[in-house]
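Colleague: Anchor point for the sequence shown: position 66 equals 138 in our numbering, and the numbering is continuous, going up by one each time.
Please keep in mind that the hints were generated in silico from the structure rather than gathered at the bench. None of the values given here were measured: they were computed from a predicted structure. C-beta: ideal position from N, C-alpha, C; glycine also. Keep in mind that a hint or two might mislead.
[What the hints assert, rightly or not] What follows is a set of in silico ranges between Cβ atoms, one per label pair, in the way DEER data are often shown:
1) A81 to T159: 32 to 38 Å
2) G126 to I99: 42 to 48 Å
3) N124 to F85: 30 to 36 Å
4) S128 to F85: 53 to 59 Å
5) K76 to I163: 32 to 38 Å
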Amino acid sequence: MAKKLTGAALAKFEAERDVWQEVLDGIREIKAGGGKRTSVEPASRIVKARLNSGLSQAEFATVLGVSKRTLEQWEQGRRKPSGAAQTLLKIAERHPEVLREVAA
């Protein structure tokens, strides 16, 4: 994890930063076929796990310990579950009865 800048270090960084150049560099990198690629958990697996559990989005999110909004973002492929959440989702896929029991 990156170290957070505070005080004078943050002010110096902001003063020396050229945001427009960063944007232009990013656009050039994308056009050249570069750029960071990210992978997200296949949304269909998350939806399938929830449907197999027989729980609503709200119930499934509560059992996983996340907000309904977070679950929606996972299901839509907009966000990636954390390592712990991925483990819980694997359990949900393989043993949906466990989630139903926890939700009861």
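Colleague: If a hint holds in the structure, say so; if it does not, say that too.
Modeller: Verification of the hints:
no. : hint                    : verdict
1   : A81 to T159: 32 to 38 Å : 37 Å, holds
2   : G126 to I99: 42 to 48 Å : 47 Å, holds
3   : N124 to F85: 30 to 36 Å : 48 Å, violated
4   : S128 to F85: 53 to 59 Å : 45 Å, violated
5   : K76 to I163: 32 to 38 Å : 34 Å, holds
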